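**Q** Here the protein sequences come in this chain order: Z and L.
With numbering that gives the first Met the number 0 applied, the first sequence corresponds to residues 0 to 158, in that order.
With numbering that gives the first Met the number 0 applied, the second sequence corresponds to residues 0 to 192, in that order.
In short, the hints are calculated from the structure, not lab data.
Among the hints, erroneous ones may be present.
Claimed, not checked - For lysine-lysine, the following DSSO-like pairs were computed, each having C-alpha atoms within a straight-line distance of at most 27 Å:
#: 1; chain 1: Z; residue 1: K113; chain 2: Z; residue 2: K88
#: 2; chain 1: L; residue 1: K56; chain 2: L; residue 2: K145
#: 3; chain 1: L; residue 1: K145; chain 2: Z; residue 2: K113
#: 4; chain 1: Z; residue 1: K88; chain 2: L; residue 2: K181
#: 5; chain 1: L; residue 1: K56; chain 2: L; residue 2: K181
#: 6; chain 1: L; residue 1: K145; chain 2: L; residue 2: K128
#: 7; chain 1: L; residue 1: K91; chain 2: Z; residue 2: K113
#: 8; chain 1: L; residue 1: K91; chain 2: L; residue 2: K33
#: 9; chain 1: Z; residue 1: K142; chain 2: L; residue 2: K181
#: 10; chain 1: Z; residue 1: K121; chain 2: L; residue 2: K114
#: 11; chain 1: Z; residue 1: K142; chain 2: Z; residue 2: K121
#: 12; chain 1: L; residue 1: K128; chain 2: L; residue 2: K33
#: 13; chain 1: Z; residue 1: K121; chain 2: Z; residue 2: K88
#: 14; chain 1: L; residue 1: K56; chain 2: L; residue 2: K33
#: 15; chain 1: L; residue 1: K56; chain 2: L; residue 2: K114
#: 16; chain 1: L; residue 1: K33; chain 2: L; residue 2: K181
#: 17; chain 1: L; residue 1: K114; chain 2: L; residue 2: K91
#: 18; chain 1: Z; residue 1: K142; chain 2: L; residue 2: K91
#: 19; chain 1: L; residue 1: K114; chain 2: Z; residue 2: K142
#: 20; chain 1: L; residue 1: K91; chain 2: L; residue 2: K145
#: 21; chain 1: Z; residue 1: K113; chain 2: Z; residue 2: K142
As the list claims (entries may be wrong) - To give an idea of the chain L side of the interface with chain Z (calculated C-beta under 10 Å), a few residues:
#: 22; residue: I70
#: 23; residue: N76
#: 24; residue: S157
Claimed, not checked - A few chain L residues that don't get close to chain Z, going by computed Cβ distances all over 10 Å:
#: 25; residue: L113
#: 26; residue: D119
#: 27; residue: T155
On a predicted model such as this, the values are computed, not experimentally measured, just so you know.
The C-beta atom is built at its ideal place from N, Cα and C for all residues, glycine as well.
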Amino acid sequence: MKKWLVAAICLISAGLAPALAWAEAGLSFEQGWVRAVPPVSTNTAGYFMLHNNTDQDRVLVGVSSGVAEVVEMHTVIEADGASTMQQLKQLVVPQQDCVLFEPGGNHIMFIGLKQPLNTGDKVTVTLTFQGGETLDVALLVQKGPQGQQDMGHGHHHHH
Amino acid sequence: MSRSLWQVIVSLGLCVGMCFPALSWAGDLPINTKLGGDFTLPSTRGESTSLSDFNGKAILLNFGYTSCPDICPMVLNRMAAVMNELDDERAKVQPVFLTFDPARDTVERLQQYLKYFGDDFVGFTGTDKQLVEVARQYGVIAIPQKSDSAAGTLYTHSDYIYLLDQQGRVRALYSKSDSISKMVDDIESLLED
Ligand SMILES: [Cu+2]
């Protein structure tokens with residue numbers, strides 16, 4: 000996704016979500032969800048918007064959760080009409096900015112689910128930042144983003 | 000899957016975007032004369048199913064693998080959303096999924112996986128050779144990637160949804176940015192023809 004578009008989404012969401020602890024300096028998240036998948040499937044992905052409300056860049060270096068054997072950070076690279084998933088070892092969340100995890104883009108990959116996740120379940124993921132700071136995010140298991148149509152991210156360059 | 004076998008189809012895959020000029024027009028949706036064609040493979044409907052068995056219905060077709068954590072379930076959700084919008088016309092449209100990962104995607108697994116998206120979804124698998132041939136027919140890119148991810152083999156792949164008419168001809172390709180309502184509109188116009 001275009002950088003300016005992410006920035007715009009961050010601003011919009013900041014304006015729309017006064018309930019978020021904005022006064023509180025630090026790291027916060029919103030719109031967290033995990034994709035509900037068929038019970039036979041042991042892999043899925045999680046998404047959220049991660050805000051860095053501090054004046055220093057933060058580096059996300061690890062993700063973990065009890066629901067799967069392995070949890071990894073991935074991103075999707077699109078080229079020549081095909082998508083490639085690539086594992087991320089770290090991800091910078093710039094100061095006073097946000098990073099988006101979304102279908103077809105950055106995502107938390109759950110590999111080897113220990114048991115099927117049901118719609119409505121909450122999955123806790125612990126994010127670890129450089130320096131040892133951690134943030135627990137609660138992700139709601141649902142079929143698509145906020146009950147909306149699953150659109151993927153808005154690439155328009157193949158037309 | 001032998002890597003070289005899949006690489007043969009890469010250059011053909013790139014043609015998806017560029018083949019659109021090769022069209023003849025019929026109604027609102029052009030007939031794509033470069034992509035598509037019949038195939039006969041093992042499916043969730045039986046040991047030997049042909050795509051042409053569904054002639055008379057419009058077909059929504061896509062390619063993927065059930066171990067895919069992100070894009071394939073998203074695309075299948077989009078197909079399910081389209082099917083759910085169709086109401087009475089649902090019976091006139093056949094949703095079809097082809098795997099390019101036959102080592103993991105057996106007919107049984109496809110059966111269990113696809114019923115989540117709808118009882119009418121049909122899944123096809125086959126040998127590597129058979130599936131490469133179908134991928135070539137449809138200009139699909141699918142290249143297994145060795146990665147250090149615990150997920151094992153992940154594929155670099157294209158993710159178009161194909162709309163075929165009642166005679167099995169490719170009439171439209173949809174990317175992730177095309178809306179559900181556009182797909183529904185196109186299907187309805189095909190069903191009116
Ligand atoms: Cu992924």
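**Q** Now tell me if each hint is right for this structure.
**A** Going through the hints against the structure:
{"no.": "1", "hint": "K113/Z to K88/Z", "in the structure": "holds, 23 Å"}
{"no.": "2", "hint": "K56/L to K145/L", "in the structure": "violated, 39 Å"}
{"no.": "3", "hint": "K145/L to K113/Z", "in the structure": "holds, 24 Å"}
{"no.": "4", "hint": "K88/Z to K181/L", "in the structure": "violated, 38 Å"}
{"no.": "5", "hint": "K56/L to K181/L", "in the structure": "holds, 19 Å"}
{"no.": "6", "hint": "K145/L to K128/L", "in the structure": "holds, 20 Å"}
{"no.": "7", "hint": "K91/L to K113/Z", "in the structure": "violated, 39 Å"}
{"no.": "8", "hint": "K91/L to K33/L", "in the structure": "holds, 25 Å"}
{"no.": "9", "hint": "K142/Z to K181/L", "in the structure": "holds, 21 Å"}
{"no.": "10", "hint": "K121/Z to K114/L", "in the structure": "holds, 24 Å"}
{"no.": "11", "hint": "K142/Z to K121/Z", "in the structure": "holds, 13 Å"}
{"no.": "12", "hint": "K128/L to K33/L", "in the structure": "holds, 21 Å"}
{"no.": "13", "hint": "K121/Z to K88/Z", "in the structure": "holds, 25 Å"}
{"no.": "14", "hint": "K56/L to K33/L", "in the structure": "holds, 21 Å"}
{"no.": "15", "hint": "K56/L to K114/L", "in the structure": "holds, 20 Å"}
{"no.": "16", "hint": "K33/L to K181/L", "in the structure": "holds, 23 Å"}
{"no.": "17", "hint": "K114/L to K91/L", "in the structure": "holds, 18 Å"}
{"no.": "18", "hint": "K142/Z to K91/L", "in the structure": "holds, 25 Å"}
{"no.": "19", "hint": "K114/L to K142/Z", "in the structure": "holds, 15 Å"}
{"no.": "20", "hint": "K91/L to K145/L", "in the structure": "violated, 40 Å"}
{"no.": "21", "hint": "K113/Z to K142/Z", "in the structure": "holds, 19 Å"}
{"no.": "22", "hint": "I70", "in the structure": "holds, 6 Å"}
{"no.": "23", "hint": "N76", "in the structure": "holds, 4 Å"}
{"no.": "24", "hint": "S157", "in the structure": "holds, 5 Å"}
{"no.": "25", "hint": "L113", "in the structure": "violated, 8 Å"}
{"no.": "26", "hint": "D119", "in the structure": "holds, 15 Å"}
{"no.": "27", "hint": "T155", "in the structure": "violated, 4 Å"}
Of the numbered hints listed earlier, those contradicted by the structure are 2, 4, 7, 20, 25 and 27.
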